[in-house]
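Per this note's numbering: the sequence shown = residues 4 to 187.
Mixed in with the good hints, there may be bad ones.
[Said to hold, decoys possible] Between beta-carbon pairs, the in silico distance windows are: (1) 37 to 124: 18 to 24 Å; (2) 161 to 50: 23 to 29 Å; (3) 13 to 130: 44 to 50 Å; (4) 148 to 13: 17 to 23 Å.
These are computed hints drawn from the structure, not numbers from a lab.
Glycine residues also receive a C-beta, built at the ideal position from the N, C-alpha and C atoms.
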Amino acid sequence: MERGIELYDSKERYGAVSRGLHWAMALAFAWIYSTAGAHYLLADSALDEFLWPTHKQVGLLLMALLLARVLWSLLNRRRRPPSLNLAATLGHGLLYVGMFAIPFLGLLRQYGSGRAFSAFGLPVMSGFEGPKIQWMTDLGNNFHSLLGWILLVLILGHVAALILHCAKGQGHILRRMLGAGGNA
Numbered sequence: 004m005e006r007g008i009e010l011y012d013s014k015e016r017y018g019a020v021s022r023g024l025h026w027a028m029a030l031a032f033a034w035i036y037s038t039a040g041a042h043y044l045l046a047d048s049a050l051d052e053f054l055w056p057t058h059k060q061v062g063l064l065l066m067a068l069l070l071a072r073v074l075w076s077l078l079n080r081r082r083r084p085p086s087l088n089l090a091a092t093l094g095h096g097l098l099y100v101g102m103f104a105i106p107f108l109g110l111l112r113q114y115g116s117g118r119a120f121s122a123f124g125l126p127v128m129s130g131f132e133g134p135k136i137q138w139m140t141d142l143g144n145n146f147h148s149l150l151g152w153i154l155l156v157l158i159l160g161h162v163a164a165l166i167l168h169c170a171k172g173q174g175h176i177l178r179r180m181l182g183a184g185g186n187a
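Full structure from sequences and hints, please.
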């Protein structure tokens, strides 16, 4: 008899919610790095003009997805597949720190600039008259982009580690995030 969709995580695989949040974030990261790449490599091109206006909105979406993902993982902390080793635990921890810090710094810079920000037609923060809050804009200017590129390297390392595990015959690592299951 076939089982229904498993929403919750188990020791063998991640549940539908964890997988959905993971892959939604992967797609959003592909989009956000496309916007940044076009902006830096093809400034003022049609592609840049199409993609760049979505950068802040997708960044906010990523932060919201991250918060949902953290809350969901806390609810499932006793059910989740075990981490492979200390390096995997540290690597995932660095990914989560980066995924939080980068949009936080972007929002901090946005607020400090005094400019209003709306995402998907909804007001996120209103602007203000008067001088910028310089320390906020400086912090964002100095670290948002830098940490964004560092996060890209971490993401590529994450993917490379997965490929290495699969090459070593540990395909169950990928299958548990695809929903196909455990230790086969």
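Okay, the hints, checked on the actual structure:
1. 37 to 124: 18 to 24 Å: 22 Å Cβ-Cβ, so the 18 to 24 Å window holds.
2. 161 to 50: 23 to 29 Å: 27 Å, holds
3. 13 to 130: 44 to 50 Å: 47 Å, holds
4. 148 to 13: 17 to 23 Å: 39 Å, violated
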